[in-house]
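2 protein chains.
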Amino acid sequence: MIYLDFAAATPVDERVFKAMEPYFLSDFFNPSAPYLPAKRVKEAYEEAKNELAHAIGAKGADLVMTAGATESINLAMSVASGKILYLTTEHAAVRESARRFGLSFEEIAVDKTGLIDLSDLRAKLSGDVAMISVSAANNELGTIQPLSAIAEIVREEKQKRLARGDKTPLYLHSDASQAMSLIDINVRRLGVDLLTINSAKVYGPKGVGALYIAHGVDVKPLVFGGGQERGLRSGTENVPGVIGFAKAAVIAKEHINGNRKKYEKLGAILREELKKCAIEPVFLGNKKHSLTNFCTVSFPGIDAERLIYKLESREIYISTGAACAASKGEKSHVLTAIGLSDTEIAGSIRVTMGVLNDEEQIRTAAREIVEAVNEEAERTGLVGGQK
Amino acid sequence: MIYLDFAAATPVDERVFKAMEPYFLSDFFNPSAPYLPAKRVKEAYEEAKNELAHAIGAKGADLVMTAGATESINLAMSVASGKILYLTTEHAAVRESARRFGLSFEEIAVDKTGLIDLSDLRAKLSGDVAMISVSAANNELGTIQPLSAIAEIVREEKQKRLARGDKTPLYLHSDASQAMSLIDINVRRLGVDLLTINSAKVYGPKGVGALYIAHGVDVKPLVFGGGQERGLRSGTENVPGVIGFAKAAVIAKEHINGNRKKYEKLGAILREELKKCAIEPVFLGNKKHSLTNFCTVSFPGIDAERLIYKLESREIYISTGAACAASKGEKSHVLTAIGLSDTEIAGSIRVTMGVLNDEEQIRTAAREIVEAVNEEAERTGLVGGQK
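Protein chains in written order, with the working numbering: chain A, 1 to 387; chain B, 1 to 387.
There may be inaccurate statements among the hints.
[What the hints assert, rightly or not] Derived BS3-like pairs (lysine-lysine); straight-line CA-CA distance at most 30 Å:
id, chain 1, residue 1, chain 2, residue 2
1, A, Lys220, B, Lys331
2, B, Lys287, B, Lys265
3, B, Lys220, A, Lys331
Bear in mind the hints are in silico, worked out from the structure with no lab data behind them.
Extracted from the complex, chain A is given alone in its bound form (with noise of 0.2 Å):
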């Protein structure tokens, strides 16, 4: 098996899993209760969130646990008061939630990178703006943001309304779920005021994530019952996962830059394998914002997922972009927003590595999807007989 979907799961690290077992088995006791073993329960927890917060710069104290990603972005969008400006090619959890906290929305167009442009954002950034959503990294080109200029920007209109006294709050929020595990995310130096993170996407376990939340920051919780995370975020702490998530989260902050180098390479190895296609490879993307294990590139004419189905069968694994959009089927808002033609669209295949990956495996894979991509070339007359 050569697994190349890393954007859309990863596996619970070794070190992971080991770091939860005891708080399934032994060390299950509920955070809330009275006696002593219950206690240590409660303080590793802390404990945990505290490690998790610092591999963002935050405190532990910052930080409510959730059930991931999804549920982190709406408890963030839930904090606007007006309207909410995000991103034309945010994942769906980001354009959902906005649609239904925000009083109205507006996106906001990207260069044919992905890049968010600009110009556009100040041109939208309305008095009424209360929310501006914009994620660290794409989570089908991999394009990484200037949250620092967009960042100074949101400061920029603040002061502008602090000087005619008008009141309305104005907050930026990043999804980092992406680019947790191969970019130094730090919310002071990002200027962020609320931060999605993703324990499923960094190595740690499904089904935990948490929303980073600056000071002074109203957040309204989704969920109420017996007050724990603040009341912000009530419910039984789930122990295991959050250790889990946190022992990910400190692992991934300390392979960062051999990650990063990793991935350049092979992944210039594959993008150098790949230009050996009958059909010219179009490389997606922002060549220099980007996390370095993501390929995403268009075969035009190809069927991609013909393309996959092929793969498949030869035990490497890819897909065509979000796999929560894909498996309904629908044609990617992402590559859309770039400005691909449906034929680009069609040919889109989202390669993402990790650690499970070497040279070897890349080596292989790129070979068999040249293979592939020539096959269904020759099969729909794409290209003549002879390569």
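With chain A fixed as given, assemble chain B onto it according to the hints.
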């Protein structure tokens, strides 16, 4: 260690842990991804939902998987388009979410054993009531509610509404978190429209729950995104968690009769032994309609918190009531509702048995409780120098 707080948390069953393990480490794929191993994960996930649903007499498609009972309850309450009635002894998740999601709310009284006052329900069941929420069994007393009788009252009210052309929907929700491992829960027999179940209370993992939704009940999502769980609860599926919950539910179902008898016997021993205290114990709850693993008892005049700390030093772990409420030092609303005096409430402990307990443990625990109660009684001058 003698752990006697299974109502607060249960260890994950070894078989459950084994069932989850591969879905963390090797079968980690995103269930929405297009290749075969991911489709197999999707199948395993759906199969687990089916098994879980069968354990409560439902079908997999009737369940929405959540992050736990609190989320399930909130999702259920979101259905209400009018007044919500709930039992005064309900868990904070019901009380708080009913207050947020209901247009108004009212509490239904209980008798001194914690049993619902059906005449009070009838009196309060006005035409604007949209939802009634009554737990299958109370989490502090173990009192089992007559859900079928309540469902019958709901049916009568629905017919009355139908007869007068009133289309106000009326739904019955039950929180079966505590009950599931000890009584046979069957949604059809109970006649509920919505039912909450919770993995963490039945030897499954924390952070996983489900809401059963009868056909035709219009649930409004709390979070929006990728459209998983038929759009009712977006977010990548917590595959290992759901696989674990299903396994735990199947095991629980198999052992319901054996467990009920085991705890009946152990409970009888415990109560008999506790009568040896210098202070006469007041056994709370309903003798006939109670989860057999519950023994909630008051020693009037004793400070239960001191008792718990004394027992903790002997590695016996019990609680004063719901962990989340107890941790905030709040006076139990359940014990208040059944008409206990402040002195009786302050002297109340909750012993809840589980799979780890055997007769020897119960005898040891009983002896230690008696000793601790007697010491406290002497210290505070409640009884003379000699027992």
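(request) Return the numbers of the hints above that this structure violates; sort them in rising order. (result) none
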